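Engineer: Here is how the chains run, residue by residue.
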Amino acid sequence: MEIFDLTIHELHEKLKAKEVSSVEATRAMLDRIEAVDSQVNAYITVTPEQALVQAEDADRRIAAGEIAPLTGIPVGLKDIFVTKGIRTTCGSRILENFVPPYDGTAVARLKEQGAVIVGKLNQDEFAMGSSNESSYFGPCKNPWDLSCTPGGSSGGSAAAIAARTATATLGTDTGGSIRQPASHCGCVGLKPTYGRVSRYGVIAYASSLDQVGPLTRDVTDSALLLGAVAGYDPRDSTSVNTPVPDYLASLAKGVKGMKIGLPKQYFIEGLDPDVKRAMDEAIALYQSLGADIREVSLPNTEYAVATYYIIATAEASANLARYDGVRFGHRAEDARGLAQMYSKSRAEGFGPEVKRRIMLGTYALSSGYYDAYYVKAQKVRTLIQQDFLNAFKEVDVLLTPIAPTPAFKIAEKLEDPLQMYLSDIFTIPVNLAGTCGISVPAGFSAAGLPIGLQLVGKPFGEQEILTAAYSFERETKWHLKKAPL
Amino acid sequence: MKYQVVIGLEVHTQLTTNTKIFCGCSTRFGAEPNSQTCPVCLGLPGALPVLNRQVVEYAIRAGLATNCSITKRNVFARKNYFYPDLPKGYQISQFDLPICQHGHLDIEVEGEKKRIGITRIHMEEDAGKLVHADIPGVDDSCVDLNRACTPLLEIVSEPDMRSPDEAIAYLKKLHQIVMYLGICDGNLEEGSFRCDANVSLMPVGSTVFGTRAELKNINSFKFIKQAIEYEIERQAEILDDGGKVVQETRLFDPNTGTTRSMRGKEEAHDYRYFPDPDLVPVIISDDWIEKVRGGLPELPETKRARFMSELGLSEYDAEVLVASRELAQYFEDTVALFPQAKTVSNWVMGEVTRALNDDNNRSIAQCPVTPALLADLLKLMEKGTISGKIAKTVFDEMYKTGKTPEKIVEEKGLVQVSDTGAIEAMVDEVLEKNAGQVAEYRGGKETLFGFFVGQVMRASKGKANPAVVNELLLKKLQG
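The listed protein sequences correspond, in order, to chains B and Z. All residue numbers for the first sequence refer to the numbering used here, where the first residue is 1 and numbers rise by one. All residue numbers for the second sequence refer to the numbering used here, where the first residue is 1 and numbers rise by one.
Excised from the complex, chain Z in its bound form (with noise of 0.2 Å):
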């Protein structure tokens, strides 16, 4: 390839507010159209907006954990457009003075590690959405003004990003903070986390940039990474045919993988932006940004870092373990009752992982078995009182039921077997029972061990002591 691609990319985060950014409207996905609108999102005539100051607190929470410096005097500005789902006419945003500014992300692609830089981040309302469902009866399309009004952040990032990788590491880090700052659920299908591109080549050692588009509509992970690499391919083509990338926004259409032109430079927008005079400047106080800086949670490079410090992990497991709070709140609530961390780790990725994917992905907050009946459970383990191949059946059990540990393993008598009288016997009968495999092992075919093991733990219905199974068999084989 004798291109280098530069990418930037606007994230758009819908915040968990329960009311949205300029009305007390609830902000709940899903609800009957326009079922939650009033004059002010409905942009009814002498309704004014009020600011909800629960939106500008989230947006500092963001730029402080992207290490942005936080604007002290905030503007509101109309952005001027006409479109259905636009009830004023325009929307209210920030233009010139944007609530944080001059941030980074640091990333890592495979090994190497690589700061982003931030350019802004600023808060604005989200639109309506237009319906063309079918409607028996209506032709025409229908306006839902639900959304409209909900508060979001946009997040602008410097065009630092060289491959598609490196926009998914990004994007990724990103969607990983806001949802660690609890500001926004991180849902890509629902909307709550969209993202535009800006895509554009330039011959590989250039340091001039070439001509950018901007790619809209992308909303998955999945996605993203098609867009722009579909893009650099439709771009190369272009250039090597000698012809000029044109500056335009481009649509990404899921279905193809590809995009197609929205609209041109020339058809682009003058917003006509101007300070929204219904709404006073917003003065955040040092004060205030410390109040927000102190309640700020433990963000995922630091826990990472803790992890591997302070409780022994590796890198691979904490990396897997601080990928969302939750599970990482998880984990550190278990290993709080039962501090060995290194096998809650083995637990929370082995068995509590795998047994919320088998249940649809659910999420970690819902799981039956709650960090204090996984420290239990592993205590009986410890203890001896159960083997570790019984605890992961217990574990099924109490996924299943809700049940604690010791109350399944009373009930289903699952005590492990460590009195070396009874469990001789056992190897005895079953050495007796299959003298051919015997003679057999002892004429050299060594691997039928682990057939004896199998017979014993089977004889034992699995509680035997597993170490004293070996050990004895070990003893009376070779004997």
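This is chain B alone, in the form it adopts within the complex (with noise of 0.2 Å):
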């Protein structure tokens, strides 16, 4: 077992015991993103000097006696997180050389911990995608197999975890970011509730839906590192002031008479095979273990990817307005006046999608649509949030596919955006309803890809469904197999 291949809670311990430094741990991890990263691809900028420089700072804490969980532990960042006096792209062209002067809440509170911040990881352009193509720094590959993607946005935050060049990541999910990359990458992968992590120096895509999460190689990490960066932030008023539980410690409750529901929706016609095989095995497991196993109805879920790509697209058009060439980013050199500057550099700065997406959302807020749009779209969102609470009456948690098929091949979906769109439809309705859901390695494919298993929290559930991961994961150890990099 090398370095690099431990989990956040085996590092620490090993930290703890002074039977490797920080150093030498966050020197490993260079190396092998030196190593392997060329292949996949999953850093947008790696921060060498920084980095060991907090692994310095690290050593000195843990010599001090004062470690904390994520002392000393080399962590990768999606590139949506703002840094201090590091580049943070978001993936874009038009933030190719932003250098931000400040870092984000999620960020600082690692920094508080002493975390080692070995790089910024990349994601679609703005989080805007499924399969990390739509980067203006070249698409992020699958560890597991380098034609396919490793899912997006926060694809390079997933294949960090799968070719071990990080011991943890922390990404972003607005439609599926974090589960669906974990999913296809075999990672363990947590989408919070809506206002459990602060959304401060989060680069925003669609600020009603984004959250920040972990990506881990286990749920142990998970926990760990959710309640690390968790809690109320005076500094975003949609965070949420309720206590941080103490997530490890019900980890190990296990799951007998926990009442799961199955979506009779998302069991459709059209399921690749091999991922209803692993929904099967994972529920008769569960079954095996005690749980309470019921269908339940989620009414409203066909009409939640049309929602989200209205709700989405519109917040969006708002949030990247100010991406103008004024004051910082890309501005075109030969413009004359200022409307040409500002539509020639957001026409260079701003990739295909994201342009589709800006388009979409200004046309469903424009005067005269609005109402057909924007506010129809609130008041389905309202109905599927409805769908969910009324369904968490009779379960505590929801078991899910994560997506309908394992990862697919780069360039495949590329020309298809409605096809790619719809790869979430299992992971959208949870962003619309404001709750947690989690992404398990639940198995492989025949071709050797992951599968993920989702599991869905009621509002603040987050102990819930992570006592449930913990449980499969003991049993089924999917997560321990190596992508063969």
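No lab work stands behind these hints: they were computed from the structure. Note that the structure is a prediction, hence the values are computed from the model and not measured. A few of these clues could be false.
[Claimed, not checked] Calculated Cβ distances over 12 Å to all of chain B for the following chain Z residues: (1) Arg115; (2) Ile135; (3) Thr207; (4) Lys216; (5) Asn255; (6) Arg293; (7) Glu315; (8) Ser324; (9) Arg354; (10) Val417; (11) Ala439; (12) Gly454.
[Said to hold, decoys possible] To be clear about the criterion: a stretch of chain Z counts as covered by chain B if any three or more of its residues have a C-beta under 8 Å from a C-beta of chain B, and this derived list gives those stretches: (13) 46 to 53; (14) 82 to 92; (15) 277 to 286.
All residues carry an ideal CB built from backbone N, CA and C; glycine is no exception.
Build the complex from these two chains, which are given one at a time in their own frames, with help from the hints.
Structural biologist: As structure tokens, then:
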């Protein structure tokens, strides 16, 4: 077992026992990145100098007996997290040279614990995509099969776990952007309840849907990393002021008597047979562990994708207005006059998927269309939320697939945005409902690609889905399989 | 004139909170460009707004003072447009749920009272400023974002005004109220109180409004009148020629007193308002409203009525004294110590105001003669220690030196002489020295009486009690 193969909690034990130093662990990780990332392209920016300084700091803290769970652990951040003094691109040309003057809250919380930031991870441009192919910095590849996408938008964050080029990473999830790549890359990815983790310092895609979460090798790490970044932040008005429970404490509670719901609209014709089999096995396993499995209904599921693409793009059209070439980011050189500076800077700076979504959102908000699209979508969103709340009157957690298929080939869906949008059908409703979901490794396809299982919890029910995920992981050990890299 | 003008006003008042509406930066005017900024007001990627609750409180104050109903559930909306002084590419404002609605103000023009409706008051953030100054080596325009994200209230009236004078009366009233409330410094030149005017004409007797033009960039009461008057003329000319007024936004040019087209209806923005997902709705409880109501100062209208009924001031005096909260306060503080309202009123409107005006229009709050000192001075006068004339001299000295009136009177030996014997001696001396004038007076030239009074006062260095002087002179001259 190499240092870079370890989980957070395993490396923590070694750091604490002084079997290995943070500098050693960090160097091992940087070497690993050097060795394999040219094949994977999980990193947009690697920060060896800063990382080693942070590792030295961490070693001093450890020597002084001040070790926290993340002290000295090499982590990677999706390039959507604003990092002081470190270029933050959000996967876009328009921010190619943007170096923020401040750290966001989640990053600050990691730094407070003494985590070591080894670099910034690849993603779909402005988190718009399900394959990491819209990145200006080139597609990220799936470590299990380099001809496949890692999923998206947090493709780099998932691929780095699978490629063992980071011990843990942070991603963001707007419509499945943590859970879907976690599923495709065989790692654990958790999207917390909206408001659980501060969005301050996270570049906004769709503000009412975006949420920060961990991508890790196992469920214990997920609980650990979530605990480190969760909690109220006065800088984010939408963060919720409820106490953060000890997620580790309840992991081993077991699922005996837990009521697990299977939303019938999620188990449909056309589900990939490998995915179907993995789900059936998972259900059988939970049953054998004493869980109470029952069918539930989420009747408005079929409207989720359409609703999402109106709300998310509407918010994005405003969120991305600040990239105008005036104060930071790309500015077209040969523009004449203000209007041309705007149009050329944005035309050059944004890629096609971002432009498509800005136009969709602008249209949905336009005078004469606002009621028919945006207002209607908000009403449907309320109905979808209601579906989940109703289901949770009957069950504790929901079990669903993450995606209809395992990872798809690079370029396979690039020309067909609608196909790409539909691949998020099982994850999007969770964002619309504002509740939490986790992706746990649940087996492999015949072609050897990972398949993930989704557990959806009540609002602020992260403990329950972590407990259910942990029980599953302990029995199956799918998470121990390594990508051939 | 065969046309009736119809005017509605939109006023932007900058609030005097210490910090901006959505971040902790200072709102101080005149700082080094871009020195009062942070990731939030610069609109940096990842930054999020957090509402300054003081702004909500100020808005409630404004709403209560203008008879509005207060909206319980407030939502902020994004108003989308591109301009280099707007960092986020949208302005956070309120749209369909403004904090105050359905209010009114009563104005008075040439003795006629009139009620002007207030449609709405909403909270929003200001934009920054473009600077096209000559900076050596810089060809481009620059952006100063110190003002970005400072809190504003936009106060929108109904189109209820029918003359430029009514518009001015409404604006002055509104200006006075926001100053009384302590929510705006009222500085028109620095842009703390800005006005846009919607102006249209319709034939006299008609009830159907004509097409309006929106006038922007008006930053003094004088310009508002000018801009509206010019606009009436311009539109009347178009209508007289059988033309149609175009709906457009026009910019007022203070140098020429004219307006020119800025953008037409076709170029009007579609602002694509939608609720800002970064901010949660603000719920205003009845308790909060009542707490704010309880803390409201006495407003000018009430104060004026009280000055008339309780203190017996004339309507004119009361009106002048309530012009600003500070002036009224000064007056009342003085009356509290010297309870002769009419005398105090005369002094405040006379000597005090004159001295302040002569002193570069210094504000009453900075007057070196405090209410306590003024009251002391008036007491000396009342006791007869000094004459009214001397009191004015003493006041000037007090203003210059800040000394107490007692000290000045003592130092300069200004105590009034009422001793009949001493004054009689001076009277005798004057009459003796001016025998010729005495003869003339006695011969019927009674206008010379003032001359004798002046001579005696001069001899006494102004200290002689004028009443005693008059009495003695009259007796002696007639005798």
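Engineer: Each hint needs a verdict: does it hold in this structure or not?
Structural biologist: To see whether the hints hold, each was checked on the structure:
With a cut of 12 Å on Cβ distances, Arg115 of chain Z stays outside the contact zone with chain B, its closest approach being about 33 Å. In this structure Ile135 of chain Z is separated from chain B by more than 12 Å, as the shortest Cβ-Cβ distance comes to about 17 Å. At the 12 Å boundary, the C-beta of Thr207 of chain Z stays outside the reach of chain B, the nearest C-beta of that chain being 29 Å off. For Lys216 of chain Z, the condition that its CB be more than 12 Å from all CB atoms of chain B holds, with the nearest at approximately 19 Å.
Once the 12 Å rule is applied to beta carbons, Asn255 of chain Z is consistent with being away from chain B; the minimum gap is 24 Å. Every beta carbon of chain B lies more than 12 Å from that of Arg293 of chain Z, the smallest distance being close to 27 Å; the non-interface claim holds. Remark: the non-interface label on Glu315 of chain Z is consistent with the geometry, its nearest Cβ contact in chain B lying 50 Å away (cut-off 12 Å). Look at Ser324 of chain Z: its CB is around 37 Å from the nearest CB on chain B, clear of 12 Å, so calling it non-interface holds up.
Under the 12 Å C-beta cut-off, the non-interface status given to Arg354 of chain Z relative to chain B holds; the minimum distance is some 51 Å. Residue placement check: Val417 of chain Z keeps its beta carbon more than 12 Å from all beta carbons of chain B (closest about 72 Å). Residue-level check passed: Ala439 of chain Z sits 89 Å from the nearest beta carbon of chain B, beyond 12 Å. Its beta-carbon lying about 73 Å from the closest one in chain B, Gly454 of chain Z satisfies the requirement of being farther than 12 Å from that chain.
A stretch counts as covered by a chain when three or more of its residues have a beta carbon under 8 Å from one of that chain; for the region 46 to 53 of chain Z and chain B the count is 6, and the coverage holds. Counting residues of the region 82 to 92 of chain Z whose CB lies closer than 8 Å to any CB of chain B gives 6, so the stated coverage by that chain holds, three being the minimum. Only residues whose C-beta sits within less than 8 Å of a C-beta in chain B count toward coverage, and the region 277 to 286 of chain Z has 4 of them, enough to reach three; the restraint holds.
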